[in-house]
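J.: Chain by chain, the residues run as shown.
2 protein chains.
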Amino acid sequence: MDSNDDHNQSERCFLDWMKLQEVDLGELRQALTLKEKNESLLVQIVEKVFQHFQDYVDKRAQLAHNYVSLYFAPSWNSSLENSMLWLAGCRPSSFIRLLYALCGSEVNSHLTEYIEGRKRGDLGDLSSNQLNMVNNLQSKTVKQEEKLTSKLASLQEDLADEPISIIAQRTQTQITGELNEEVERALKDQDEGMMRVMKEADNLRLNTLKELLFGILTPVQAVEYLAASKKLHLCMHEWGKTRDQMHGGRSNY
Amino acid sequence: MDSNDDHNQSERCFLDWMKLQEVDLGELRQALTLKEKNESLLVQIVEKVFQHFQDYVDKRAQLAHNYVSLYFAPSWNSSLENSMLWLAGCRPSSFIRLLYALCGSEVNSHLTEYIEGRKRGDLGDLSSNQLNMVNNLQSKTVKQEEKLTSKLASLQEDLADEPISIIAQRTQTQITGELNEEVERALKDQDEGMMRVMKEADNLRLNTLKELLFGILTPVQAVEYLAASKKLHLCMHEWGKTRDQMHGGRSNY
Numbered sequence: 001m002d003s004n005d006d007h008n009q010s011e012r013c014f015l016d017w018m019k020l021q022e023v024d025l026g027e028l029r030q031a032l033t034l035k036e037k038n039e040s041l042l043v044q045i046v047e048k049v050f051q052h053f054q055d056y057v058d059k060r061a062q063l064a065h066n067y068v069s070l071y072f073a074p075s076w077n078s079s080l081e082n083s084m085l086w087l088a089g090c091r092p093s094s095f096i097r098l099l100y101a102l103c104g105s106e107v108n109s110h111l112t113e114y115i116e117g118r119k120r121g122d123l124g125d126l127s128s129n130q131l132n133m134v135n136n137l138q139s140k141t142v143k144q145e146e147k148l149t150s151k152l153a154s155l156q157e158d159l160a161d162e163p164i165s166i167i168a169q170r171t172q173t174q175i176t177g178e179l180n181e182e183v184e185r186a187l188k189d190q191d192e193g194m195m196r197v198m199k200e201a202d203n204l205r206l207n208t209l210k211e212l213l214f215g216i217l218t219p220v221q222a223v224e225y226l227a228a229s230k231k232l233h234l235c236m237h238e239w240g241k242t243r244d245q246m247h248g249g250r251s252n253y
Numbered sequence: 001m002d003s004n005d006d007h008n009q010s011e012r013c014f015l016d017w018m019k020l021q022e023v024d025l026g027e028l029r030q031a032l033t034l035k036e037k038n039e040s041l042l043v044q045i046v047e048k049v050f051q052h053f054q055d056y057v058d059k060r061a062q063l064a065h066n067y068v069s070l071y072f073a074p075s076w077n078s079s080l081e082n083s084m085l086w087l088a089g090c091r092p093s094s095f096i097r098l099l100y101a102l103c104g105s106e107v108n109s110h111l112t113e114y115i116e117g118r119k120r121g122d123l124g125d126l127s128s129n130q131l132n133m134v135n136n137l138q139s140k141t142v143k144q145e146e147k148l149t150s151k152l153a154s155l156q157e158d159l160a161d162e163p164i165s166i167i168a169q170r171t172q173t174q175i176t177g178e179l180n181e182e183v184e185r186a187l188k189d190q191d192e193g194m195m196r197v198m199k200e201a202d203n204l205r206l207n208t209l210k211e212l213l214f215g216i217l218t219p220v221q222a223v224e225y226l227a228a229s230k231k232l233h234l235c236m237h238e239w240g241k242t243r244d245q246m247h248g249g250r251s252n253y
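Chains as they are written, first to last, in the UniProt record's numbering: chain W, 1 to 253; chain F, 1 to 253.
One chain only, chain W, in its complex shape (with noise of 0.2 Å):
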């Protein structure tokens, strides 16, 4: 692969992704206007969807071998979506924070049913038991956060150690960004570690949302709380998109 179509196959990949998730989100939306909802079939766009999100990681995870350091503020991304940027993607106690957010609205009844036909919402019916699963979740998820946090924290202290630092020294009086094989050697270094803990971040978010879906929420749950997630996430990026126009930024989209 030429290596100029780094970012341009990573932004693709990523268009891509966003293209899914509308798609996706009419299918489920579909699934949740069905009277009589056959539960075998409910499961199986739960398992397609979770499935697509597991291929995008995949994909992306793949691309981000050649140049990671794309991943931690992607040019394609909004600034929005940037600034809420943890380790190349969401946080993964957003993910409950989400559904925290459905079931308190939908208890509550604040909500506008965006379904017609549904006198109530089904994540407003979570059991004592599937709440006590959430919030033991969420802690063991805020918990593996805070330790992928630390270790990004201590990669870009590195940069300012040895031996980068000392390279910058020893490079001319007039800066050039030239890269000799020693800059090479130790940024190179730089990537594999951020890679690895990419790596492990994509591994909180699968399995935060499939502990989530397949381990806590029945299957109309899992549904309704993936349709609501597509949408956020979609919103998000055209509320940003938007933002970023009125300011006069970023070229990319």
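Treat the hints as calculated values from the structure; they're not laboratory data. Heads up, the beta-carbon is just placed ideally off N, CA and C, and yes, glycines get one too. Possibly wrong hints are sitting among the right ones.
Below, computed lysine to any residue pairings styled on SDA-like, alpha-carbon distance capped at 25 Å [said to hold, decoys possible]:
| # | chain 1 | residue 1 | chain 2 | residue 2 |
| --- | --- | --- | --- | --- |
| 1 | W | K241 | F | K19 |
| 2 | W | K210 | W | E146 |
| 3 | F | K19 | W | K210 |
| 4 | F | K241 | W | N180 |
| 5 | W | K143 | F | K19 |
| 6 | F | K199 | W | N180 |
| 7 | W | K210 | F | K199 |
| 8 | F | K188 | W | G248 |
| 9 | F | K241 | W | K210 |
| 10 | W | K188 | F | Q169 |
Which bits of chain W does chain F cover? Going by a derived footprint, with three or more residues having C-beta under 8 Å, they are [stated by the list, open to error]:
| # | stretch |
| --- | --- |
| 11 | 87-99 |
| 12 | 145-158 |
| 13 | 172-181 |
| 14 | 223-234 |
Start from chain W and add chain F according to the hints.
T.: Chain F in isolation, oriented as in the chain W frame:
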């Protein structure tokens, strides 16, 4: 101010800062070559260079009020710099890591210098009292960094919570990115939180550097340290640009 200028003005502010750092680096280096070092002249230079950093931080904070999101992954940074970003800038603890790296490499080169009979570098001469102060500053800084990291985490999670996540559910089926009053208000509240945490991070950066330069290092050590720190920043920026160009990304420079 035309809101479309937000991005351009912020980018200009950063580019001016990078140019000023180059000029400052020249002056710091020149001071280090003087055979007879006039202490009050060195103090003046350190004060001036520190003031330039303070001025940059102030100007940036003023501009960020218009659109703070821009600063959490600036399009004028290279991907390498953005992957190292912590709360819209560098980690304050990395100032200390750089000092340790410089001491270490100076200490190592002392052996060579001793053998060759050359004069020793000044950062290798840190007294045990100074090293104690650096250690204390490091643990204090890391603790404050962790607190701010948690504040950011909680702001990031808030986006998946009410009101934003629920507003997203109420938007039309066709997601357009239109910002109604409710969305704008919710995102503005979010911006204010991000602005507060960015200011706290800026203060920590400024105070950590101030403590190093004026509380711990001697004037000549401070000049040497600042020269090394400017060099590292300028090299990282240029190396990052070269790497981005190699991988076909980021059209903003």
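J.: Just pull the numbers of the violated hints for me, sorted ascending.
T.: 1, 3, 5, 6, 7, 9 and 10
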